[in-house]
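Trainee: So the chains spell out like this:
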Amino acid sequence: MTEMKYTEDHEYLRVDGDVATIGISNHAQEQLGDVVFVELPEVGKVCAKGEEAAVVESVKAAAEVNAPVSGEVVETNGELESNPGLVNEDPEGGAWFIKLKLSDKSELDGMMDADAYGKFVAEQG
Amino acid sequence: MIQEADGKQTLKRTPLHALHSELGGKMVPFAGFEMPVQYPLGVLKEHLHTRAKAGLFDVSHMGQAFLTGPGHETVAAALETLVPGEIAKLGPGRLRYTMLLNEDGGILDDLMVTRSLSPGDDGRLMLVVNAACKTADYAHMRAKLPDNVKLEPVEDRALLAIQGPAAAAVMERWCPKASELAFMTASSAEFDGIGCHISRCGYTGEDGFEISVAAGEADQVARTLLSHDDVEAIGLGARDSLRLEAGLCLYGHDIDETTSPVEADLVWSISKRRRVEGGFPGAERIQRELRDGPSRLRVGIQPEGKAPAREGVEIADANGTPIGAITSGGFGPSAGGPVAMGYVQSAHAAPGTGVALIVRGSARPARVAEMPFVPHRYFRKKAV
Numbered sequence: 141m142t143e144m145k146y147t148e149d150h151e152y153l154r155v156d157g158d159v160a161t162i163g164i165s166n167h168a169q170e171q172l173g174d175v176v177f178v179e180l181p182e183v184g185k186v187c188a189k190g191e192e193a194a195v196v197e198s199v200k201a202a203a204e205v206n207a208p209v210s211g212e213v214v215e216t217n218g219e220l221e222s223n224p225g226l227v228n229e230d231p232e233g234g235a236w237f238i239k240l241k242l243s244d245k246s247e248l249d250g251m252m253d254a255d256a257y258g259k260f261v262a263e264q265g
Numbered sequence: 004m005i006q007e008a009d010g011k012q013t014l015k016r017t018p019l020h021a022l023h024s025e026l027g028g029k030m031v032p033f034a035g036f037e038m039p040v041q042y043p044l045g046v047l048k049e050h051l052h053t054r055a056k057a058g059l060f061d062v063s064h065m066g067q068a069f070l071t072g073p074g075h076e077t078v079a080a081a082l083e084t085l086v087p088g089e090i091a092k093l094g095p096g097r098l099r100y101t102m103l104l105n106e107d108g109g110i111l112d113d114l115m116v117t118r119s120l121s122p123g124d125d126g127r128l129m130l131v132v133n134a135a136c137k138t139a140d141y142a143h144m145r146a147k148l149p150d151n152v153k154l155e156p157v158e159d160r161a162l163l164a165i166q167g168p169a170a171a172a173v174m175e176r177w178c179p180k181a182s183e184l185a186f187m188t189a190s191s192a193e194f195d196g197i198g199c200h201i202s203r204c205g206y207t208g209e210d211g212f213e214i215s216v217a218a219g220e221a222d223q224v225a226r227t228l229l230s231h232d233d234v235e236a237i238g239l240g241a242r243d244s245l246r247l248e249a250g251l252c253l254y255g256h257d258i259d260e261t262t263s264p265v266e267a268d269l270v271w272s273i274s275k276r277r278r279v280e281g282g283f284p285g286a287e288r289i290q291r292e293l294r295d296g297p298s299r300l301r302v303g304i305q306p307e308g309k310a311p312a313r314e315g316v317e318i319a320d321a322n323g324t325p326i327g328a329i330t331s332g333g334f335g336p337s338a339g340g341p342v343a344m345g346y347v348q349s350a351h352a353a354p355g356t357g358v359a360l361i362v363r364g365s366a367r368p369a370r371v372a373e374m375p376f377v378p379h380r381y382f383r384k385k386a387v
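Respectively, the protein sequence lines represent chains A and B. So for the first sequence, my numbering puts the first residue at 141; every next one is plus one. So for the second sequence, my numbering puts the first residue at 4; every next one is plus one.
For the record, the hints were derived by calculation from the structure and aren't laboratory data. Just so you know, even glycine gets a beta-carbon here, dropped at the ideal spot from N, CA and C. Treat the hints loosely; a few may be bogus.
One-sided and incomplete, this derived list gives chain B residues near chain A with beta-carbon spacing under 7 angstroms [stated by the list, open to error]:
hint, residue
1, Gly45
2, Val46
3, Leu47
4, Lys309
5, Pro311
6, Gly315
7, Phe334
Cross-link-like lysine-lysine pairs, in silico, BS3-like; alpha carbons within 25 angstroms at most [claimed, not checked]:
hint, chain 1, residue 1, chain 2, residue 2
8, B, Lys56, B, Lys384
9, B, Lys48, B, Lys29
10, B, Lys56, A, Lys200
11, A, Lys239, A, Lys189
12, A, Lys189, A, Lys245
13, B, Lys147, A, Lys239
14, B, Lys29, A, Lys259
15, B, Lys309, A, Lys200
16, A, Lys185, B, Lys309
17, A, Lys185, A, Lys241
18, B, Lys56, B, Lys29
19, B, Lys29, B, Lys180
20, B, Lys29, B, Lys15
21, B, Lys56, B, Lys180
22, A, Lys200, B, Lys29
23, B, Lys92, B, Lys275
24, B, Lys92, B, Lys48
25, A, Lys189, A, Lys241
26, B, Lys384, B, Lys48
27, B, Lys92, B, Lys384
28, A, Lys185, A, Lys259
29, B, Lys147, B, Lys92
30, B, Lys384, A, Lys200
31, B, Lys15, A, Lys200
Using the sequences and the hints, build the whole thing.
Mentor: In structure tokens form, the structure reads like this:
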């Protein structure tokens, strides 16, 4: 059973058991524009909640992808390094950035689901 | 720019504003104007389209002005007291790139100067200056010019640019006279029956034209150009990556009031006569830098990895000692990777010199590189 969660920083988490697959939302990639570079962490890195986990750069700007929850990086999506444009094509599917083994599942509490995130984005205009 | 009571700035609009909205342009504030940063095509594809075919740019925010006086000799002599470019020998119908300098030889703005082709317009120069600088430029020129040379800002004309290898063929359909122009020359011409002033120049490294046209007729000219299959509307985002790959300076970033034309590697824009004679603001510094070499120099920087290095990134030598900073940088769609330019101490300015870029706290290898990153393809008339 997987569930999608979103953060106010426009990251998503697809939670499956104690592993969260993390990427940036479709709205985030639209705002960034053409993605030209992705930098991923080493597998094994332990991220504190809010710590920089990856970097995504578009033709316009560089943005940090911060770990929305604490955990250990158990897998990274190496395809993004050779094909960063995938972030624009399939942000919430094939273009995930990292998989984190959650150290504290309670950090997921209060995060937005897809409906709440949709409203949040609409309110931001 | 107009400041409202609540501090919110009221942005000006160009005569093509309605067209930008209709085309789905994403509008952003730029130099006091609401300008399209990109269209639905996106920066990357807009950039590549311009290099492959032709892109249409709205550059109406830039300042157009006339400098008029009793004759070319007088007007040229007056302007030459403010810029280091060769204006006296500028022929009728010819353009020149130069810069307004302060008393320290720093660059107040860079601009294009065109001498009117028509003999009846003797003593008239057309200037195109940067949008963000135009108010200050005009005040500066008015304060310095002699009484018999007048600056007349042109507020009722739009400026369009069409750039790319197909630009000449596109223009030929509605303005055959344009495609006969040599690079860096200009002429009045009719575009599909509309009176325009057309220059063969641009800021992308490609062949192209700038079209000055009455504000009320700009929309029609733009729509006509866009009706050609090879033409797409291009926003500020791609304009920036195109000029960066072409190694061209962006005012306020790569050049400013502290940088001299010698430091900025713009010596080519100063004629031999003017280098020797001086007679422009800051001549002492510029002549000294020409003689002894500048302490720092604008150079191309080629990152060796894939990470773009953006404005403000520190440049260090092999030992980690800071030697300069990136002034423009990003992803070059035609170069296929990151490209940048910046200033380094002159001892480190030779192409091929290894440097380190401090991006997000870690040193990344890069080299000083020849510019442009993508070869210029300006139109050169074949010898008859």
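Trainee: Against each hint, give a clear statement of whether it holds in the structure.
Mentor: So, going through the hints one by one against the coordinates:
no.	hint	result
1	Gly45	holds, 5 angstroms
2	Val46	holds, 4 angstroms
3	Leu47	holds, 4 angstroms
4	Lys309	holds, 5 angstroms
5	Pro311	holds, 5 angstroms
6	Gly315	violated, 11 angstroms
7	Phe334	holds, 4 angstroms
8	B:Lys56 x B:Lys384	holds, 20 angstroms
9	B:Lys48 x B:Lys29	holds, 15 angstroms
10	B:Lys56 x A:Lys200	holds, 23 angstroms
11	A:Lys239 x A:Lys189	holds, 14 angstroms
12	A:Lys189 x A:Lys245	holds, 12 angstroms
13	B:Lys147 x A:Lys239	violated, 64 angstroms
14	B:Lys29 x A:Lys259	holds, 22 angstroms
15	B:Lys309 x A:Lys200	holds, 15 angstroms
16	A:Lys185 x B:Lys309	holds, 22 angstroms
17	A:Lys185 x A:Lys241	holds, 11 angstroms
18	B:Lys56 x B:Lys29	holds, 22 angstroms
19	B:Lys29 x B:Lys180	violated, 34 angstroms
20	B:Lys29 x B:Lys15	holds, 15 angstroms
21	B:Lys56 x B:Lys180	holds, 20 angstroms
22	A:Lys200 x B:Lys29	holds, 13 angstroms
23	B:Lys92 x B:Lys275	holds, 12 angstroms
24	B:Lys92 x B:Lys48	violated, 41 angstroms
25	A:Lys189 x A:Lys241	holds, 12 angstroms
26	B:Lys384 x B:Lys48	violated, 30 angstroms
27	B:Lys92 x B:Lys384	holds, 21 angstroms
28	A:Lys185 x A:Lys259	violated, 33 angstroms
29	B:Lys147 x B:Lys92	holds, 21 angstroms
30	B:Lys384 x A:Lys200	violated, 36 angstroms
31	B:Lys15 x A:Lys200	holds, 23 angstroms
Checked against the numbered hints given earlier, the structure breaks hints 6, 13, 19, 24, 26, 28 and 30 and satisfies all the rest.
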